[in-house]
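Participant: Could you put together the complete structure from these sequences and hints?
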Amino acid sequence: DSHAKNLTAVARGGGIRPLTDMLKDAVPGPREPAAGVLAILATNVDNRAAIAKIGAIPTFIALLADQEAPGARVHAASALGNLAVMNSGNKEAIGKAGGMQALVNVLRDPNVRARERAASALSSVCVLSDSNKAAMVRAGAIPHLIELLQDDETKKPAVIVLRSLADDSESHKYSIKEAAKAAGCDLHAAGLKI
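Using our numbering, the first residue of the sequence shown is number 14, and each one after it goes up by one.
If you're looking for bench data, these hints aren't it; they were derived computationally from the structure.
As the structure is a computational prediction, the values presented were derived from the model and not from experiment.
Virtual Cβ for every residue (Gly too), placed ideally from N, Cα, C.
There may be inaccurate statements among the hints.
[Stated by the list, open to error] Beta-carbon label-pair distances, calculated as ranges: (1) 27 with 75: 19 to 25 angstroms; (2) 197 with 166: 26 to 32 angstroms; (3) 183 with 75: 34 to 40 angstroms; (4) 181 with 114: 18 to 24 angstroms.
Facilitator: What follows is the structure, given as structure tokens:
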């Protein structure tokens with residue numbers, strides 16, 4: 014596949030650092046495509062380490078609040094989720110850099126793709142990370158995830174995160190049920206049987 018070869022060439026050719034530098038560009042135009050390419054590159058295990066090593070995680074977290082480049086928020090959430098896949102060091106770095114609060118904030122984004130990608134990222138960042146799960150709950154994720162259950166585009170990742178929280182802790186399960194009751198959301202009808 015030529016697309017995969019092109020991405021490999023970008024990574025091997027030293028393209029990760031310039032792309033990461035573009036994320037900080039004062040002009041919003043370059044931020045979105047750079048974040049998009051890095052999000053795709055982060056699906057590769059070797060690239061995950063390289064992207065994190067050059068310090069891109071805090072930059073992606075800052076992009077989650079970028080009001081000038083809404084597409085960059087979508088790609089930044091994707092990138093953080095991809096960086097966390099099977100990489101406990103990146104999960105820890107995302108949590109320590111304030112990523113949980115930033116991702117939870119995106120759950121309220123006006124862009125449905127940003128909300129969906131943030132919920133998916135939370136799922137990846139919280140797998141096997143009790144500290145990130147706790148930070149996500151402290152950041153107020155549960156009511157926002159309940160809201161996402163009511164939209165077909167965001168339901169699936171919201172169910173995954175909420176199920177993980179419910180399976181992890183009785184107090185989380187109680188909080189989920191209470192938030193659903195307050196929102197008038199039928200968890201079973203939404204596909205969440207807890």
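Participant: Does each hint fit the structure? Answer for all of them.
Facilitator: Hint-by-hint comparison with the structure:
{"no.": "1", "hint": "27 with 75: 19 to 25 angstroms", "result": "holds, 23 angstroms"}
{"no.": "2", "hint": "197 with 166: 26 to 32 angstroms", "result": "violated, 20 angstroms"}
{"no.": "3", "hint": "183 with 75: 34 to 40 angstroms", "result": "holds, 36 angstroms"}
{"no.": "4", "hint": "181 with 114: 18 to 24 angstroms", "result": "holds, 19 angstroms"}
Checked against the numbered hints given earlier, the structure breaks only hint 2 and satisfies all the rest.
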